[in-house]
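Put together the whole structure using the sequences plus the hints.
Sequence lines, in order, name chains A and B.
The numbering used here puts the first residue of the first sequence at 1, with every later residue one more than the last.
The numbering used here puts the first residue of the second sequence at 1001, with every later residue one more than the last.
Simulated from the structure, these hints should not be mistaken for laboratory data.
Heads up, a few of these hints could be off.
[Stated by the list, open to error] In silico DMTMM-like links for lysine to aspartate or glutamate, alpha-carbon gap of 25 Å or less:
hint, chain 1, residue 1, chain 2, residue 2
1, A, Lys168, B, Asp1155
2, A, Lys159, B, Asp1148
3, B, Lys1159, A, Asp177
4, B, Lys1096, A, Glu163
5, B, Lys1159, A, Glu95
6, B, Lys1168, A, Asp155
7, B, Lys1159, A, Asp148
Chain residues, written in single-letter form:
Number of protein chains: 2
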Amino acid sequence: MGGEDKVKAVVLLSGGLDSTVTSYIAKQKGLELYALTVQYGQRHSHEIESAEKVAKALGVNDHKVIKLDLAAFGGSALTDKNIEVPKDRSFRDIEKSGIPATYVPARNAIMLSIALAYAETVDADEIYIGAHCLDYSGYPDCRPEFIDAFQKMADLATKRGVEGKPIKIQVPLIELDKTQIIEKGKELGVPFELTRSCYTDQKKSCGSCDSCKLRLKGFEKAGLKDPVEYEK
Amino acid sequence: MGGEDKVKAVVLLSGGLDSTVTSYIAKQKGLELYALTVQYGQRHSHEIESAEKVAKALGVNDHKVIKLDLAAFGGSALTDKNIEVPKDRSFRDIEKSGIPATYVPARNAIMLSIALAYAETVDADEIYIGAHCLDYSGYPDCRPEFIDAFQKMADLATKRGVEGKPIKIQVPLIELDKTQIIEKGKELGVPFELTRSCYTDQKKSCGSCDSCKLRLKGFEKAGLKDPVEYEK
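Below, the structure written as structure tokens:
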């Protein structure tokens, strides 16, 4: 980069809390942001509207919403209407359950691969993703060892990797829990009211799926009020 | 697998020569096939029709055609109308050119990740892809070291990997050149007339893009006639 040129970064923005805080961390670093939202057939399509609002608030250079119909495969409570989103589980049950029904096969591998394509075409040096492995989410593709393996693969898959300018995968939340993520967001002035975490397709967040429960507990422990409206 | 159950495999089927021969190799092994075609915004959309015909001829258990609009990013002669498909290059020039204009950023990482999602949902043990690194194609994501790195990443990304039943990426053509691929196809009774290799969007194959030239040379060296019609 010469002179005044800003470093470019692709941010994977779902419209949820984690990806929004991640994007604000990238913004704070002074990067030129290219937001990427993948509409993969998730039943919680209200998330996409949140992503659009957050991208606007962030002042990104561009925002691409790319469709990929993973619902054609099914196999996850998030894409297949025949599989129920678990509700009202205790934190003990969430913790004990291993890989949950809301696991979407290979989701982060797909998301990061598409982000890699976007990063190469806009000549971005970095990709930001809001993956983190605490809160017992049980998702295999949120673990640091997955991110490391993806990085190695990406360096071999791309023209930039071959040319010695690999695209770096950044996971600033990887070691934070939900409370710490919310505290970080507060510090950065994240507009929490624009975000959406609920796994259901209800207009108002349900308040009882694993994602809503973890979010509400996180706000409570951070001593903050969640500005999002809940069904119950 | 117990009793009469066949092993399942996802085959990445573009409709080109390489992916078709690869699919016939998987068929010969007695696998139950799930074909996957990704319509990524390639200008050579005639390939999709070929994929459909080949899938039918193969007798696959299912064939999914998934759309993903990589043309929204551009950056490749195969997806961006503003970048010309190189034509009438000598084999010496093709060989010397490094990564060509027809490189699609992160294509095989994306394809294989989507195949991984499909494989997990149908409980397939293997994924077949027609990547090979000879013929000086210059694509970074066709090299054996890329495939190895993808395998490691996939084992960490998926539920099956965590559960000790990793999905194996199979690249039966990896060490073959175009002539050997055609000879292998002949041996397996591949319907070459259904396949399409041309990079352009013309109805008849152009005969002068790198892909047509490598194909024609391969048939010539194998002592066979290519049944596909060419413009010139």
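For each hint, the structure was consulted:
With a CA separation close to 21 Å, the supplied pair Lys168 (chain A) and Asp1155 (chain B) stays within the 25 Å bound. Between Lys159 (chain A) and Asp1148 (chain B) the alpha-carbon distance is near 18 Å, which keeps this suggested pair within the 25 Å criterion. This hinted pair checks out: Lys1159 (chain B) and Asp177 (chain A) have alpha carbons roughly 22 Å apart, not beyond 25 Å. Between the alpha carbons of Lys1096 (chain B) and Glu163 (chain A) the distance comes to roughly 16 Å, so the proposed pair stays at or under 25 Å and holds.
For the hint pairing Lys1159 (chain B) with Glu95 (chain A), the CA-to-CA distance comes to about 16 Å; that is within 25 Å, so the pair holds. Under the criterion of a C-alpha separation no larger than 25 Å, the hint pairing Lys1168 (chain B) with Asp155 (chain A) is consistent with the structure, at around 21 Å. Distance hint between Lys1159 (chain B) and Asp148 (chain A) is fulfilled; the C-alpha atoms sit about 17 Å from each other, no more than 25 Å.
Hint compliance for this structure: no hint is broken.
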